[in-house]
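K.L.:
So the chains spell out like this:
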Amino acid sequence: EAGVAQSPRYKIIEKRQSVAFWCNPISGHATLYWYQQILGQGPKLLIQFQNNGVVDDSQLPKDRFSAERLKGVDSTLKIQPAKLEDSAVYLCASSLATGYNEQFFGPGTRLTVL
Amino acid sequence: QQQVKQSPQSLIVQKGGISIINCAYENTAFDYFPWYQQFPGKGPALLIAIRPDVSEKKEGRFTISFNKSAKQFSLHIMDSQPGDSATYFCAASKENNFNKFYFGSGTKLNVKP
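In the order they appear, the protein sequences are chains A and B.
Under the numbering used here, residues -9 to 104 are what the first sequence spells out, in order.
Under the numbering used here, residues 1462 to 1574 are what the second sequence spells out, in order.
Worth flagging that the hints you see were computed from the coordinates, not collected in a lab.
Dumping the calculated DSS-like pairs for lysine-lysine here, alpha-carbon to alpha-carbon at most 30 Å: (1) Lys52/A / Lys1503/B; (2) Lys1569/B / Lys73/A; (3) Lys34/A / Lys1555/B; (4) Lys1555/B / Lys68/A; (5) Lys1503/B / Lys5/A; (6) Lys1555/B / Lys52/A; (7) Lys1518/B / Lys1532/B; (8) Lys61/A / Lys1/A; (9) Lys1518/B / Lys1476/B; (10) Lys34/A / Lys1532/B; (11) Lys1503/B / Lys1476/B; (12) Lys34/A / Lys1529/B; (13) Lys1561/B / Lys34/A; (14) Lys1569/B / Lys1/A; (15) Lys73/A / Lys1561/B; (16) Lys1561/B / Lys1518/B; (17) Lys1/A / Lys73/A; (18) Lys61/A / Lys1503/B; (19) Lys73/A / Lys52/A; (20) Lys34/A / Lys1518/B; (21) Lys1466/B / Lys1476/B; (22) Lys1561/B / Lys1532/B; (23) Lys52/A / Lys1466/B; (24) Lys52/A / Lys5/A; (25) Lys68/A / Lys1561/B; (26) Lys1503/B / Lys68/A; (27) Lys73/A / Lys1466/B.
Some chain A residues close to chain B (C-beta under 10 Å, calculated; not the full set): (28) Thr21; (29) Pro33; (30) Ala87; (31) Asn91; (32) Gly96; (33) Arg100.
Pair ranges (Cβ atoms, derived): (34) Gly18/A / Pro1469/B: 33 to 41 Å; (35) Ser1526/B / Ala(-5)/A: 33 to 41 Å; (36) Lys73/A / Arg1522/B: 39 to 47 Å; (37) Tyr0/A / Glu1517/B: 38 to 46 Å; (38) Ala1531/B / Gly30/A: 25 to 33 Å; (39) Lys1532/B / Ala87/A: 24 to 32 Å; (40) Ser8/A / Asp1514/B: 46 to 54 Å.
Here the structure is a predicted model, which means the values were calculated and not measured.
A virtual CB, placed ideally from N, CA and C, is assigned to each residue, including glycine.
Chain A with its partners taken away, still in its complex shape (with noise of 0.2 Å):
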């Protein structure tokens, strides 16, 4: 089974510029994750979608970072214009359902902020 992919793996770039991220999850997978990863601190959930619909983005700096999930599987995250704080390792997940069910991460991509 194929696990989650993102892509870039690695992003450099100026503040005030902006970049993107993309994300598949697992096939059949309904809920996706994004987290942002600080240097030495646990994962912070941005944005989760239930299927191609916005269930919690209560952590998103609405200002400068969206996301969508379109047809349901995909995902793009944005962020316009970046700040040097942005720094940090965007991680997408994704589980089959909501309830008690595993979270499958992807590899990751690391950006850095000049």
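Dock chain B against chain A, hints included.
P.N.:
Frame of chain A, contents of chain B only:
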């Protein structure tokens, strides 16, 4: 407000020793407690999980101990091996909350040969 507090931040253990990582939570509505293991450059992967209807769960060398009254749970790694060197995260979630996980801050384990 940090929902799940994890300690220690780092841990060094000799090969064959026992590694113990502790977590505490405040929200009594939490009812699912997974532990994730993360190697450098990889995403976290589920190691073991427990629900509060049991006080202990064991899978191989890994054991979760759960104390509902104290709102604490811990991960014990018996016979620790160098291959166990990784960062460990505890997490908590509650039913009917769309499987939202609250992660601890992580413990970096180094098992010395």
